[in-house]
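J.: Line by line, the protein sequences are chains Y and U. Residue 1 is where the first sequence starts when you use this note's numbering, and the numbers rise one by one after that. Residue 1 is where the second sequence starts when you use this note's numbering, and the numbers rise one by one after that.
What the hints contain is simulated information worked out from the structure, not anything from laboratory work. Among these hints, one or two may not hold up.
[Stated by the list, open to error] Restricting the straight-line Cα-Cα distance to at most 27 Å, the calculated cross-link-like pairs of lysine-lysine (DSSO-like) are:
#	chain 1	residue 1	chain 2	residue 2
1	U	Lys61	Y	Lys23
2	Y	Lys23	Y	Lys11
3	U	Lys55	Y	Lys23
4	U	Lys55	Y	Lys20
5	U	Lys55	Y	Lys47
6	Y	Lys20	U	Lys152
7	Y	Lys23	U	Lys170
8	U	Lys61	Y	Lys51
9	U	Lys55	Y	Lys26
10	Y	Lys11	U	Lys61
11	U	Lys170	Y	Lys11
12	U	Lys169	Y	Lys20
13	U	Lys113	Y	Lys47
14	U	Lys113	U	Lys55
15	U	Lys169	Y	Lys22
16	Y	Lys22	U	Lys61
17	U	Lys169	U	Lys55
18	U	Lys170	Y	Lys51
19	Y	Lys13	U	Lys170
20	Y	Lys51	U	Lys55
21	U	Lys113	Y	Lys23
[Claimed, not checked] Rough simulated footprint, nothing fancy, chain U against chain Y, three-plus residues with beta-carbon under 8 Å:
#	region
22	2 to 14
23	21 to 27
24	32 to 44
25	52 to 60
Just so you know, even glycine gets a beta-carbon here, dropped at the ideal spot from N, CA and C.
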Amino acid sequence: MNKENRDAELKAKWAAIEAKNKKWLKEVEGVVDDTDAGVCLSPQNQKDLNKMMADLAESAADDKDEHDKQPSTP
Amino acid sequence: MLLTLAQVVEHYGETRQFVYRQTEQAFASLGVHVRAISDQDAAEADAWPDIHGVKSWSWQKNLARYRREPKRFDIAIAVGGRLCALAMGVPSRGRITLKIHVLERRPEDNPIKGRALKVILLAAHAYAGMIGSREVWLCHPASEVLVAVYEKLQYSPVRDRDGRATHLKKDV
Numbered sequence: 001m002n003k004e005n006r007d008a009e010l011k012a013k014w015a016a017i018e019a020k021n022k023k024w025l026k027e028v029e030g031v032v033d034d035t036d037a038g039v040c041l042s043p044q045n046q047k048d049l050n051k052m053m054a055d056l057a058e059s060a061a062d063d064k065d066e067h068d069k070q071p072s073t074p
Numbered sequence: 001m002l003l004t005l006a007q008v009v010e011h012y013g014e015t016r017q018f019v020y021r022q023t024e025q026a027f028a029s030l031g032v033h034v035r036a037i038s039d040q041d042a043a044e045a046d047a048w049p050d051i052h053g054v055k056s057w058s059w060q061k062n063l064a065r066y067r068r069e070p071k072r073f074d075i076a077i078a079v080g081g082r083l084c085a086l087a088m089g090v091p092s093r094g095r096i097t098l099k100i101h102v103l104e105r106r107p108e109d110n111p112i113k114g115r116a117l118k119v120i121l122l123a124a125h126a127y128a129g130m131i132g133s134r135e136v137w138l139c140h141p142a143s144e145v146l147v148a149v150y151e152k153l154q155y156s157p158v159r160d161r162d163g164r165a166t167h168l169k170k171d172v
């Protein structure tokens, strides 16, 4: 796919999701995270860490499947 | 259509760059610069103080591992050259779910205090939508106080038998 087609593809996908994202931003406009937390999401124990590593392994396995598919196809 | 690994890497890399640019535009009023996490960002975040004693994660140690995943979501937010927040995750097999694994904000002197989450979450949802995911998960929240914040941002908590929120989810 050349650059022009790729840009057009990205813009078309963006247009499809932009309205939904704008609606969400509007709905949560007044929500401010007033906590002083630095760490927001982080593994809390070994089990969490194991899950994260399993997710990474799953993603790596998925990469192998990608080679014979269009990556934009769910 | 057959794609080489290099093409897959390029495809998702371009998608992330596009999302970074669009997110910058959406939050132009905050003056945010949105980019991939650099080695320098990882080192800086590791040096941030651990106010609540919950820091169990080294960005520097783990960044290389995530960088090996072409479909990863990684994001660093800076304002005026100052790193303010960063996050990282990967989609599930088949890209059904984009799982955000880690998210951290500069705890002190953060010019986008209170708004950093929205910037990251908008980018995460945009990326998830662009790659065909149906849900975004916020994995292992650091506290119940934060769970309440995510709920205000329309995420639904999923709890284990002990009542602990393992993650929160929201449709793309």
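J.: Which hints, by number, does the structure contradict?
T.: Result: hints 1, 3, 4, 9, 10, 13, 16 break, sorted rising.
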